[in-house]
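Novice: Sequence:
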Amino acid sequence: MLWRKLGASNFSSCPNGSILWIWDVFHECVQDGWDKASVSLGLISILCFAASTFPQYIKACKTGNMDQALSVWFLLGWIGGDSCNLIGSFLADQLPLQSYTAVYYVLADLVMLTLYFHYKFKKRPSLLSAPINSVLLFISGTVCITPLLSSTGPVAAPREAFQGRMLLSVEPGNKPFTKQEIIGFVVGSVSSVLYLLSRLPQIRTNFLRKSTQGISYSLFALVMLGNALYGLSVLLKNPEVGQSEGSYMLHHLPWLVGSLGVLLLDTIISIQFLVYRDVIEAASLEREPLLSSCAGPE
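Those letters in the sequence shown? Residues 60 to 357, by the numbering used here.
It should be emphasised that the hints constitute simulated quantities derived from the structure, not laboratory data. A quick note: this is a predicted structure, and the numbers were derived from the prediction, not measured. Fair warning: there could be bad hints in the mix.
In silico DSS-like links for lysine-lysine, alpha-carbon gap of 27 Å or less [unchecked claim]: (1) Lys269 / Lys179; (2) Lys95 / Lys181; (3) Lys179 / Lys95; (4) Lys181 / Lys269; (5) Lys269 / Lys121; (6) Lys269 / Lys118; (7) Lys121 / Lys179; (8) Lys181 / Lys121.
Across the chosen pairs, the derived CB separations fall in these ranges [to be verified]: (9) Ile103 / Val170: 13 to 23 Å; (10) Leu309 / Leu166: 28 to 38 Å; (11) Ala109 / Arg336: 23 to 33 Å; (12) Lys269 / Gly123: 44 to 54 Å; (13) Leu256 / Met308: 20 to 30 Å; (14) Pro235 / Asn124: 44 to 54 Å; (15) Leu323 / Lys121: 23 to 33 Å; (16) Leu267 / Lys181: 15 to 25 Å; (17) Val84 / Phe266: 39 to 49 Å; (18) Val131 / Leu79: 43 to 53 Å; (19) Lys95 / Leu259: 12 to 22 Å; (20) His177 / Met308: 40 to 50 Å; (21) Phe236 / Ala109: 27 to 37 Å; (22) Leu333 / Lys121: 18 to 28 Å.
Just so you know, even glycine gets a beta-carbon here, dropped at the ideal spot from N, CA and C.
Please model the complete structure; the sequences and the hints are all you need to start from.
Specialist: This is the structure in structure tokens:
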């Protein structure tokens with residue numbers, strides 16, 4: 060919780076001086092090359108996640124069939140996982156870049172879900188539109204309020220001398236979980252489960268349609284790249300002083316399982332894009348002779 064308790068005036072509390080602009084912007088200590096790589100990969104992953112949704116927005120506006128192409132359970136599972144990720148990141152004292160990324164996740168999901176229901180109710184007006192809008196507003200409020208939870212954490216203890224990262228080190232001890240971190244860990248675990256379950260309805264929808272039309276592959280490609288960099292960013296970060304590698308991994312385990320597990324399922328969706336692209340191209344080639352034979356002389 061140190062980064063939430065210290066201001067720019069306490070920059071000297073960060074051992075070895077760190078990098079000032081990273082401390083000023085992200086309130087995160089950068090001690091050595093491992094930390095620099097972690098922050099760099101974390102920033103690139105945020106850019107990937109930020110850019111991933113825009114191709115789908117454009118695709119939805121062009122085709123107008125987003126409600127048919129995407130499974131609503133995929134979107135609901137995604138936003139549910141991101142919401143739990145957001146709450147768990149603050150409660151479980153995750154890395155600052157993880158928390159910032161979680162905020163963007165939920166906001167982007169809200170836009171995606173809004174577009175989905177826009178096209179769905181545009182074609183088939185329903186009395187459910189008002190309750191659904193209320194739920195989206197509630198989630199938006201949660202996104203705005205959750206960062207305030209960071210102020211309820213315990214006061215951080217002074218940092219000791221920095222010793223650098225030692226892979227497979229067993230000398231440092233285990234960092235005990237606080238009650239708040241236990242709650243955050245549980246919420247983060249629920250987030251990982253929702254992430255993994257969210258992909259299954261979309262895989263099923265693609266299989267039943269035998270098509271990926273209306274879905275932008277850039278959405279999944281950039282999310283895959285973002286998750287890979289996100290996981291590496293967490294793995295490369297130095298543990299806290301006196302904390303073992305095993306204890307560090309345990310504290311971040313739900314978020315690692317969520318990012319790397321989803322990466323595997325998104326690979327399956329990528330294979331569907333390749334398989335069904337060939338099917339669509341073959342079907343279009345079969346239709347072309349029929350259309351030309353049916354066309355009369357002009």
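Novice: Would you mind marking each hint as holding or not holding in the structure?
Specialist: Status of the hints after comparison with the structure:
1. Lys269 / Lys179: Roughly 21 Å between the alpha carbons, so the hint for Lys269 and Lys179 holds.
2. Lys95 / Lys181: violated (48 Å)
3. Lys179 / Lys95: violated (45 Å)
4. Lys181 / Lys269: Holds, at about 25 Å.
5. Lys269 / Lys121: holds (21 Å)
6. Lys269 / Lys118: holds (19 Å)
7. Lys121 / Lys179: holds (15 Å)
8. Lys181 / Lys121: Distance of about 15 Å is within 27 Å: holds.
9. Ile103 / Val170: 13 to 23 Å: holds (22 Å)
10. Leu309 / Leu166: 28 to 38 Å: holds (29 Å)
11. Ala109 / Arg336: 23 to 33 Å: holds (26 Å)
12. Lys269 / Gly123: 44 to 54 Å: For Lys269 and Gly123 the Cβ distance comes to about 20 Å; the hint is violated.
13. Leu256 / Met308: 20 to 30 Å: Because 23 Å falls inside the window, the suggested range holds.
14. Pro235 / Asn124: 44 to 54 Å: With Cβ atoms ~52 Å apart, the hint holds.
15. Leu323 / Lys121: 23 to 33 Å: Cβ of Leu323 to Cβ of Lys121: about 30 Å, so the range 23 to 33 Å holds.
16. Leu267 / Lys181: 15 to 25 Å: The hint (15 to 25 Å, Cβ to Cβ) holds, given that Leu267 and Lys181 are roughly 23 Å apart.
17. Val84 / Phe266: 39 to 49 Å: Holds - the Cβ-Cβ distance for Val84 and Phe266, about 44 Å, lies within 39 to 49 Å.
18. Val131 / Leu79: 43 to 53 Å: holds (46 Å)
19. Lys95 / Leu259: 12 to 22 Å: Once the Cβ atoms are compared, 37 Å apart, the range 12 to 22 Å for Leu259 and Lys95 is violated.
20. His177 / Met308: 40 to 50 Å: Holds, at about 42 Å.
21. Phe236 / Ala109: 27 to 37 Å: Since the Cβ atoms of Phe236 and Ala109 sit about 32 Å apart, the hinted range of 27 to 37 Å holds.
22. Leu333 / Lys121: 18 to 28 Å: Given a distance of about 22 Å, which is inside 18 to 28 Å, the answer is holds.
Hints 2, 3, 12, 19, counting from the list given before, are not met by this structure.
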